[in-house]
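Given the sequences, and given the hints that come with them, work out the whole structure.
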Amino acid sequence: MAAMTMIQALRSAMDLMLERDHNVVVYGQDVGYFGGVFRCTEGLQAKYGRSRVFDAPISEGGIVGAAIGMGAYGLRPVVEVQFADYFYPACDQIVSEAARLRYRSAGDFTAPITIRMPCGGGIYGGQTHSQSPEVLFTHVCGLRTVMPSNPRDAKGLLIASIENDDPVIFLEPKRLYNGPFDGHHDRPLVPWSAHPLGEVPEGYYTVPLESATVFRPGQALTAIAYGTMVYVCEAAAKETGIDAEIIDLRSIWPLDLPTLVASVKKTGRCVIVHEATRSSGFGAELTALVQEHCFYHLEAPIERVAGWDTPYPHAQEWAYFPGPERVGAAFRRVMED
Amino acid sequence: MSQGTPSLRLHVPEPTGRPGHETDFSYLHLSRAGEVRRPPVDATPADTSDLAYTLVRVLDDEGRAVGPWAPEADPALLRKGLVAMMKTRAFDARMLIAQRQKKISFYMQCLGEEAIATGHALALVQGDMCFPTYRQQGLLLARDDVSMVELICQLMSNERDPLRGRQLPVMYSMKRAGFFSISGNLATQFIQAVGWGMASAIKGATHIASAWIGDGSTAEADFHTALTFAHVYRAPVILNVVNNQWAISTFQAIAGGEATTFAARGVGCGIASLRVDGNDFLAVLAASRWAAERARGNLGPTLIEWLTYRAGAHSTSDDPSRYRPADDWQHFPLGDPVARLAQHLRGLGAWLDGEQAAMQAALEAEVTAALKEAERYGSLADGHMAGADAMFEDVYERMPPHLQEQRRQVAAFRKG
Numbered sequence: 001m002a003a004m005t006m007i008q009a010l011r012s013a014m015d016l017m018l019e020r021d022h023n024v025v026v027y028g029q030d031v032g033y034f035g036g037v038f039r040c041t042e043g044l045q046a047k048y049g050r051s052r053v054f055d056a057p058i059s060e061g062g063i064v065g066a067a068i069g070m071g072a073y074g075l076r077p078v079v080e081v082q083f084a085d086y087f088y089p090a091c092d093q094i095v096s097e098a099a100r101l102r103y104r105s106a107g108d109f110t111a112p113i114t115i116r117m118p119c120g121g122g123i124y125g126g127q128t129h130s131q132s133p134e135v136l137f138t139h140v141c142g143l144r145t146v147m148p149s150n151p152r153d154a155k156g157l158l159i160a161s162i163e164n165d166d167p168v169i170f171l172e173p174k175r176l177y178n179g180p181f182d183g184h185h186d187r188p189l190v191p192w193s194a195h196p197l198g199e200v201p202e203g204y205y206t207v208p209l210e211s212a213t214v215f216r217p218g219q220a221l222t223a224i225a226y227g228t229m230v231y232v233c234e235a236a237a238k239e240t241g242i243d244a245e246i247i248d249l250r251s252i253w254p255l256d257l258p259t260l261v262a263s264v265k266k267t268g269r270c271v272i273v274h275e276a277t278r279s280s281g282f283g284a285e286l287t288a289l290v291q292e293h294c295f296y297h298l299e300a301p302i303e304r305v306a307g308w309d310t311p312y313p314h315a316q317e318w319a320y321f322p323g324p325e326r327v328g329a330a331f332r333r334v335m336e337d
Numbered sequence: 001m002s003q004g005t006p007s008l009r010l011h012v013p014e015p016t017g018r019p020g021h022e023t024d025f026s027y028l029h030l031s032r033a034g035e036v037r038r039p040p041v042d043a044t045p046a047d048t049s050d051l052a053y054t055l056v057r058v059l060d061d062e063g064r065a066v067g068p069w070a071p072e073a074d075p076a077l078l079r080k081g082l083v084a085m086m087k088t089r090a091f092d093a094r095m096l097i098a099q100r101q102k103k104i105s106f107y108m109q110c111l112g113e114e115a116i117a118t119g120h121a122l123a124l125v126q127g128d129m130c131f132p133t134y135r136q137q138g139l140l141l142a143r144d145d146v147s148m149v150e151l152i153c154q155l156m157s158n159e160r161d162p163l164r165g166r167q168l169p170v171m172y173s174m175k176r177a178g179f180f181s182i183s184g185n186l187a188t189q190f191i192q193a194v195g196w197g198m199a200s201a202i203k204g205a206t207h208i209a210s211a212w213i214g215d216g217s218t219a220e221a222d223f224h225t226a227l228t229f230a231h232v233y234r235a236p237v238i239l240n241v242v243n244n245q246w247a248i249s250t251f252q253a254i255a256g257g258e259a260t261t262f263a264a265r266g267v268g269c270g271i272a273s274l275r276v277d278g279n280d281f282l283a284v285l286a287a288s289r290w291a292a293e294r295a296r297g298n299l300g301p302t303l304i305e306w307l308t309y310r311a312g313a314h315s316t317s318d319d320p321s322r323y324r325p326a327d328d329w330q331h332f333p334l335g336d337p338v339a340r341l342a343q344h345l346r347g348l349g350a351w352l353d354g355e356q357a358a359m360q361a362a363l364e365a366e367v368t369a370a371l372k373e374a375e376r377y378g379s380l381a382d383g384h385m386a387g388a389d390a391m392f393e394d395v396y397e398r399m400p401p402h403l404q405e406q407r408r409q410v411a412a413f414r415k416g
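First to last, the sequence lines map onto chains A and B. Residue 332 in the numbering used here is what sits at position 332 of the first sequence, and the numbering runs on without skipping anything. Residue 256 in the numbering used here is what sits at position 256 of the second sequence, and the numbering runs on without skipping anything.
Errors might be hidden in some of the hints.
To be verified - Taking lysine to any residue pairs in the SDA-like style, the calculated list, with each CA pair at most 20 angstroms apart, reads: (1) B:Lys372 - B:Gln99; (2) A:Lys266 - A:Asp337; (3) B:Lys175 - A:Ala106; (4) B:Lys203 - A:Phe109; (5) B:Lys203 - A:Ser51; (6) B:Lys203 - A:Glu163; (7) B:Lys175 - A:Arg76; (8) B:Lys203 - A:Gly49; (9) B:Lys203 - A:Gly32; (10) A:Lys265 - A:Glu299; (11) B:Lys203 - A:His22; (12) B:Lys175 - A:Thr110; (13) B:Lys203 - A:Ala46; (14) A:Lys266 - A:Glu199; (15) B:Lys203 - A:Tyr88; (16) B:Lys80 - B:Ala381; (17) A:Lys47 - B:Glu364; (18) B:Lys175 - A:Phe109; (19) B:Lys203 - A:Arg332.
Keep in mind the hints are simulated off the structure, nothing from the lab.
Following this line, the structure appears as structure tokens:
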């Protein structure tokens, strides 16, 4: 075990997979020589050479389109879109091509690619450095959408994603790159070295896809979250004194339904929390699933706490970001019913 | 506003020919056969600038092979090419009828463009990968190891359809024949081909990719990304632009072809580029070989604009008489690729009078027999097709629980 930030854990996963599988290639904008604007690929080009790890033109459609061709050849590309806010030019390649290739060719061709995208807010990123577009992927059949919340999961999930033969959208909450964040922006950053989940095995391991985890066991209500919101929920539980069971989805879609259902059936109450905008957000799907599978166990309406239905603002960041106060208020509301 | 300054006017290109008015084909900027130089395969991209604005042609009006691009080609190979073209045309003609008879739901022919895909196929080797559009069926029909029955089963979405009824007719996929899965989304495969070529280079292999796009689709963003990536990484890829003058009802000038060429885009991106008579089988063979040799020699990508004419309707859902002259193809100055190669072979004494009719009859019989056999495996119309279970497979490598549940729901309904 070694203390790692999420950045180091992600780099360790790519390092390991570049070493283990000669079909793994890593590329994207500023990913090669410079090592990535977030340092996630630092040193990899020097270690594996320019034909395995390289810089790409500023063209998200080109980066993903070329990766699909490489996947069809038999490589296992791990590509980076610098910010999730900039995946839109690659939308056609992701939705029409990567997601559909196996289906439309009846398995003749596949797209075993992983697309890494830093996502999420809480960093004064404004409109185009803060978005959480996960629901634009979860609605696409054929894609897997994954989001880790800590270094240990980040490494294990990224290795599992790279090894998976389906196209995986790997969303990395950049607010968690250097330490956990519970929404208390006025407090100093806690580094991963001070958190147990910053202890990461140095060698190979995987965290299976479609496996959620009970991040904090509890009896009073079930909070379903992923990414940064896991820590916000933890803070809300502590600050309200409500014994919330916090589920970290990890794989957003396809997801681990039994873990959710077992928890809500136990607690009878459910709060769903995400940074992304509310309307038609992934919370709507989660609400529907909980309602369908746990209706007779529910003792209160399912609550959703999400980003407002606005573009992500700059100056109003902390009025926008669903922090522990808003989540805590929802916890109280579902307990009152 | 100062006096005398003219007001601005929006320019919207129009074809010269519309229904009832003859097309003026002078916009094509043709060269005479044999006139255009053949540079060495290691020419720099900039050194191909003139070739992007002229036209590589080998066959003259008398059917003789002239000039520096005349390929070394055994008459037997050319006969094979002629038969492949005739076979493609016969296949298209029969499938058009099958669509009208409601045996298949949809079809797209490549009438008039047969030389490009069939000639190109003969310049590639086993293991190369083509990333075709829906109008390169000649890549498949030029091959001895692809059965027409298999293609027709796809067209009929029947129980032998290799794509299990999931795809529209003509959206073939055949990895073993170097034919990438066709997508309905235009231009997407152009950059994928570049990625495939990059992969071959990353692995230190010897195979090259061949990318295909139409004139209209060059306006898509992926055309630009493909050229940029191919140039940046010197990818072993042939970037084929089939300029058949029409994108459904839209004349190629609306795609950006007015007063320029599509080959010129390649030079602008630092890619060696050729503009070639797409109805001249020998020019197709020669230019394809030149580009393939370049790619295989790590000399970089080549863009080829194939000048041709979409002689038929865009698809079985299209009526071209509503937007262009009915007799347009008869006036197209580059003629008919089948007639031109047949004339050349007759001049060599390698295609005798009477062979054409006999071959035509044999190919028609072959297609009819293939159609009959494919019909034995059912069709969309009679319900003999892959079952509903096939609908849920291959979305993912392993079926996730939500799809297993949905499959169960379909099964329950069908029982009830």
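Item to check | Unsatisfied constraints (hint numbers, rising) | outcome: Hints 14, 15, 16, 17 and 19 contradicted; others consistent.
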